[in-house]
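A.B. asks: Chains as they are written, first to last, in this note's numbering: chain C, 1 to 401; chain L, 402 to 576.
No lab work stands behind these hints: they were computed from the structure. Accuracy of the hints is not assured; some may be wrong.
Claimed, not checked - Ranges of calculated distance between the beta carbons of each label pair, as one might list FRET restraints: (1) Lys533/L to Ile152/C: 55 to 63 Å; (2) Phe459/L to Leu397/C: 32 to 40 Å; (3) Ala576/L to Ala249/C: 35 to 43 Å; (4) Pro482/L to Val286/C: 17 to 25 Å; (5) Leu309/C to Ser467/L: 14 to 22 Å; (6) Lys572/L to Glu394/C: 30 to 38 Å; (7) Ala554/L to Asn2/C: 47 to 55 Å; (8) Asn158/C to Asn534/L: 51 to 59 Å; (9) Val328/C to Thr492/L: 39 to 47 Å; (10) Arg523/L to Leu257/C: 23 to 31 Å; (11) Lys488/L to Ala261/C: 29 to 37 Å; (12) Met516/L to Ser69/C: 23 to 31 Å; (13) Ala554/L to Leu309/C: 56 to 64 Å.
What the hints assert, rightly or not - Beyond 10 Å from chain C on every Cβ pair, some chain L residues (computed): (14) Thr422; (15) Ser426; (16) Met476; (17) Lys557.
What the hints assert, rightly or not - From the derived model, a few chain L residues whose C-beta atoms are all more than 10 Å from chain C: (18) His408; (19) Ser436; (20) Asp444; (21) Met447; (22) Phe470; (23) Ile483; (24) Asn490; (25) Tyr494; (26) Val530; (27) Asn534; (28) Val547.
Backbone N, C-alpha and C fix where the C-beta goes; we use that ideal spot for every residue, glycine too.
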Amino acid sequence: MNYYTFSDKAKRLTYILMGLGVIALIFGLVSGNITSTRFWANILLEAAFFTFISLGAIFFMSLQYVAQSGWSVMVKRVYEAVGRFLPFGLIIIFLVMVVSAIKGAGANGSNDIVYHWMHKGTDKIYDELVAKKSMWLNIPFVLLRTLIIGGIWVYLANVMRKRSIEMDLTNDYLPLHFKNLMTAAYYIVFFGITEQFMAWDWIMAIDANWHSTLFGWYLFDDMWLTGVIVTVLLTIHLRRKGLLTNVNANHMHNLGLWMFALSVLWGYLWFFQFMFYWYTNIPDEVVYFQARIDHYRCIFWIMFCVNLLLPLIVLMTRDTKRNDKYLVIIGSILLVTHWLDAYIWVMPGSIGVEWNIGFYEIGLAIGFIGFFLYVVLSALAKVPVQIKNHPYIEESLHHHI
Amino acid sequence: MSHTFVHALYDDDDRLKDGATKVRSLGHTIKDVFSPFPVHGIDKIMGIKRTRISICCFIYGCTGFSLAFWMISYMMVYDWPIDIGGKPNFTPYHNLPSWIPILFESTVLCSAHGMAITFLLRSWLLPGVSPKNPDPRTTDDHFLMVMPAYTDADIKAITGIAKETGAVEIKTVHA
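Isolated chain C, as found in the complex (with noise of 0.2 Å):
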């Protein structure tokens, strides 16, 4: 009995989540109050949300295979797991970007579009900061380097995740393992430089006038974390379902280390772009924070003190992260927490002052919940969770801090 079983209930409930999302979407195309800005910015969050988890726990298993680090080869098909809704994900960005790019196109673009450097029509005022940009920021250009940069990423992945399922197959694994460090390492290289491209194009793109050398890393903290959390999630559930028997304390000990240190990488990075902000005060830089705090300053508050505070002062000590009750309560709301950064990232560069979190965003964020789930949990039922194979096995079995 080494397989989870995505049961029939569980199935159900993410069928809900999923149909809830769908109605939210109806809701959100029939409703005069949602301006189609509003409408594809939310999708875009949400898939950049969870594509980000995706990408984040892939990166973190690679990570592992070139540290070749033994205590995390339990929970490596937990990694895998999270990491196949990243095509999906990827998909439905891309969708946004077209359908921008499709309405802003031409004489008559429209304006009401997330991307707003993507407007062309003679409505435009001439913008000198875009159109130096317009060398990077292009619309042929950005679509294909997501579409190539998004396969690779997927590619590797998946090469990744099938020589890993065929090592429990055969005896002869050693090989195969390092195949997988080998692609480990190429995928990390190329995930640190292509990551930042993608950072600019999905998100920073959104301000188009603004630009941060760091913004790209803050994001890479925030998938980093948020894979982490998710990761956590899974194997503390699959522990109460009980399989995964092989993870203990001291595995949950290490996975909440790294969930309170990228917390307070996440904080350090935040507070330091906000303070040579606060502190140079140039113009071009400060509008930024200025969109954040004038107009969405609850959210921007809460979110920065949450997500810093409450697992610095939480999960400093070592019961905490030997505790699962602990690990699932700050999980959730860091997960919360981050979702309502993410939102700050997305809204006020493309639906401005008038932002509202209704029925519409909070449906489809729950559908989305679904569709992540129904993904990832179908992905954890197909192979054995418990892995067979693998050169540090019996070190992670010995874990022991």
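Place chain L on chain C using the hints.
C.D. replies: Coordinates of chain L only, in the frame set by chain C:
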């Protein structure tokens, strides 16, 4: 009151751990273990209480934070306010973002140095102090376990366990 110690010398850390486990399981105590490198898990086997250095760290950190806060608010708000880039600097609240790095660094400085000094003092690792290490081989490739013995029967029992678990040298020391 015992002034007799059994010194058991091992040449392998796993055998040392076996020996320590056995000694403890039969109700004897271990005073100390000397080893050339940290042996993972030996503290639990020896029954050492969890270190309180993290509490010290918290206290030192608070001290560092308060010192830095007092220093910088005295300098920047009370004594000699300087207009830097037009930033308001009449209250600590207005100045706070620019103070965070200093507060952080001072907290880390005080907690790290405080912990290191506490550790060195507590374990009496100071310049000029004569080593407590009973056997110089424990700085190279041997492990020494020191166990107090209260009666002759104890000495016999502990020596027996040490022999059984593969100690390479067993000595009884009257202190």
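A.B. asks: For every hint, state whether the structure bears it out.
C.D. replies: Each hint tested on the structure:
1. In this structure, lysine 533/L and isoleucine 152/C meet the distance hint of 55 to 63 Å, their C-beta atoms being roughly 60 Å apart.
2. Taking the beta carbon of each, phenylalanine 459/L and leucine 397/C are about 35 Å apart, inside 32 to 40 Å as hinted.
3. At roughly 40 Å, the beta carbons of alanine 576/L and alanine 249/C sit within the given window of 35 to 43 Å.
4. Roughly 23 Å separates the CB atoms of proline 482/L and valine 286/C, a value that falls within the hinted 17 to 25 Å.
5. Checked against the hint of 14 to 22 Å, the pair leucine 309/C and serine 467/L passes, with Cβ atoms roughly 19 Å apart.
6. Lysine 572/L and glutamate 394/C have their C-beta atoms about 37 Å apart, which keeps the hinted 30 to 38 Å range intact.
7. Remark: the range hint 47 to 55 Å for alanine 554/L to asparagine 2/C is upheld by a beta-carbon distance near 52 Å.
8. At roughly 57 Å, the beta-carbon separation of asparagine 158/C and asparagine 534/L lies within the given 51 to 59 Å, and the hint holds.
9. Checked against the given bound of 39 to 47 Å, the beta carbons of valine 328/C and threonine 492/L, roughly 41 Å apart, stay inside it.
10. Judged by the Cβ atoms, the range 23 to 31 Å given for arginine 523/L and leucine 257/C holds: they are separated by roughly 26 Å.
11. Here the CB-CB span from lysine 488/L to alanine 261/C is close to 32 Å, well matched to the stated 29 to 37 Å.
12. Taking 23 to 31 Å as the suggested C-beta distance range, the pair methionine 516/L and serine 69/C conforms, at roughly 27 Å.
13. Between alanine 554/L and leucine 309/C the C-beta distance comes to about 58 Å, which sits within the given range of 56 to 64 Å.
14. Look at threonine 422/L: its CB is around 15 Å from the nearest CB on chain C, clear of 10 Å, so calling it non-interface holds up.
15. For serine 426/L, the non-interface assignment is confirmed: its Cβ lies about 19 Å from the closest Cβ of chain C, beyond the 10 Å cut-off.
16. With a cut of 10 Å on Cβ distances, methionine 476/L stays outside the contact zone with chain C, its closest approach being about 18 Å.
17. In this structure lysine 557/L is separated from chain C by more than 10 Å, as the shortest Cβ-Cβ distance comes to about 34 Å.
18. At the 10 Å boundary, the C-beta of histidine 408/L stays outside the reach of chain C, the nearest C-beta of that chain being 28 Å off.
19. The Cβ of serine 436/L lies farther than 10 Å from every Cβ of chain C, with a closest approach of about 18 Å, so its non-interface assignment holds.
20. The Cβ of aspartate 444/L lies farther than 10 Å from every Cβ of chain C, with a closest approach of about 12 Å, so its non-interface assignment holds.
21. At roughly 16 Å from the closest C-beta of chain C, the C-beta of methionine 447/L stays outside 10 Å, upholding its exclusion from the interface.
22. The Cβ of phenylalanine 470/L lies farther than 10 Å from every Cβ of chain C, with a closest approach of about 17 Å, so its non-interface assignment holds.
23. The claim that isoleucine 483/L lies off the interface holds: its Cβ sits roughly 14 Å from the closest Cβ of chain C, which is beyond the 10 Å cut-off.
24. The beta carbon of asparagine 490/L is kept farther than 10 Å from every beta carbon of chain C, the shortest such distance being approximately 12 Å.
25. The beta carbon of tyrosine 494/L sits about 13 Å from the closest Cβ of chain C, which is more than 10 Å, so the claim that it is off the interface holds.
26. The beta carbon of valine 530/L is kept farther than 10 Å from every beta carbon of chain C, the shortest such distance being approximately 32 Å.
27. For asparagine 534/L, the shortest C-beta to C-beta distance to chain C comes to about 27 Å, beyond the 10 Å cut-off, and the non-interface label holds.
28. The beta carbon of valine 547/L sits about 25 Å from the closest Cβ of chain C, which is more than 10 Å, so the claim that it is off the interface holds.
Violation of the numbered hints given earlier is absent; every hint is satisfied by the structure.
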